Amino acid sequence: MTQHPILYEKFSAKHRKFFGNDCLWFGQDHLLLVSSTGISEDYKRFYYKDIQAIQLMKTKARLARIIITFILLGITGAITALACSMDKSNPAVLVSSGIMGLFLIGCLVRLFIKGPFCKTFIYSSVQKEKLTPLNTVKKSALFLSIITPKIKAWQGQMTPDMLRSDPRRMTAAPGAILQHAANIRQKIISPVWHRGLFLSLLCLSVLMTTLLLFRAPVLFAVFSLALLLILLTNTAALVKQAGSTLSAGVKATTIASMIFLVLTIGAGYVEFVFFMIKNVETWAKASQNQWEMAKLYARINPFDYPVILGLDIFLICVFFITGLTGLIFLWRQKK
Amino acid sequence: MITCEKCHTPVDINHINSNTFEPCTKCQVSLRTDIFPAAVRTEAADTRPQMRVVSDDAGCFYHPGKKAVVPCAACGRFLCALCDIDMNGRHICFACMESGQEKQTAQTLETHRFLHDGLAIRLSLFPPLSGFFSFFSCVTAPFSVYYALRHWKSPGSITPRGRKWRFVLTLLFSSAQIAGWTAIILTAFNR
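The listed protein sequences derive, respectively, from chains A and B.
Read left to right, the first sequence gives residues 8 to 342 (this note's numbering).
Read left to right, the second sequence gives residues 789 to 979 (this note's numbering).
Everything hinted at is true.
Calculated lysine-lysine pairs in the DSS-like style (CA-CA distance at most 30 Å, straight line): (1) A:K121 <-> B:K814; (2) B:K794 <-> A:K137; (3) A:K67 <-> A:K21; (4) A:K145 <-> B:K794; (5) B:K814 <-> A:K67; (6) A:K17 <-> B:K952.
Some residues of chain B that are not near chain A, with every Cβ distance over 10 Å (derived): (7) F849; (8) P852; (9) V858; (10) L870; (11) P916; (12) S918; (13) P930; (14) G950; (15) W953; (16) L959; (17) R979.
Just so you know, the hints here were simulated from the structure itself, not pulled from any lab data.
Because the structure is a prediction, the values reported are computed rather than measured.
We put the beta carbon where it would ideally sit given N, CA and C, even for glycine.
Assemble the whole structure, with the sequences as input and the hints as a guide.
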């Protein structure tokens, strides 16, 4: 059985993933969602005659991204100011801060141009699918302006009478909404792990500030243990929150804290490698002994190394903001 | 049932097809819901009668006792209403649909395709660009040339993305790498 190739018209929106991307194509009688990995493609077809509904849901992703970008911009500015105020200011720090600042400003401009973010869902009689390429209101509105005439050409015009006579109860009549409270399928959990995590993040930021001012080996040992415990708490919180009724804000903050914790461990490793290169014998000998390592770290004065100082300040701010944001989200959810 | 994606509350009828964002009645998240006639249309059952063959009527290939209603668009066999599969206006039999799916000749049934051009260009570009794995280009370059030529005519994506230029680029890059390796080996031998 042979068929002539189907003609497709590409829709401009694209959702980039770590490997590949998702994009949309308009066929003569169907919409094609292509998930590509670069070396293979998966296809999902939505026939115009079968599409029952398209739903757009506004999200606060843009606001969250703007806030994060502003925080990063502020931190970059603080590091630059700190580097400038030092007697031996390193031009490399200024240049890298400048590049970072420009990059962040570019991100901000892009976020403002993109407009509000949203999620788009398409319904047919047998499936409901999220259209990942349509993640902004602008793109989704353009998509609707193209697809609606095509669907109408296949299905005809939707009249208000058709909607009200709705034989399949696709929609709810006003006042009947409370009857559907049992529709919620998510599990309800107590956010004990999350509360513990956010409180420990606040404590961690205090501990790091103390470490910046008082370089005691005991504090370093406590810091290492605390980091490990918080990492475990964060993992437990991530496992617990899957499929739960916790708000999106709490979930996102938990994920963000995990990223920052991993970043801290990575930064610590880089720091260790840097000092080991500088003084191989001492650091290599101490690498097998945690207490000796703590002692060596205690001897380092961060005010002699602007990059380490900047990184420490960045992590202190990040842990403080993440912990506080998480607690605010939890408080709002409880309210 | 069209529900709010966040709280799973059914969407209010007054908020449908309004072309604007309206708050969900429960969680207040902004929603825009466009519903089409397929949502309220009830599927009519196949009303075509399953008639039995009488006198000179043509019978179904698979059910000889049943009257044929349509020929298969692919193989020409007569089909009764039960055997007829409507595939976007084309009436085909189950056997043709199955063979089309197996041989990847029915585009409308395909859900996955392997992109040989994508693999070829990655094999050609990744090792030299990676730095660490650049040594492997002595193996990957000849292999990607073979792969590009072997799959020159293999079916690519069903969407009209250009694929030949990927093969051409693969051949160019790989040839350059092979030339480079040849030069290195010759220089090493001449010393």
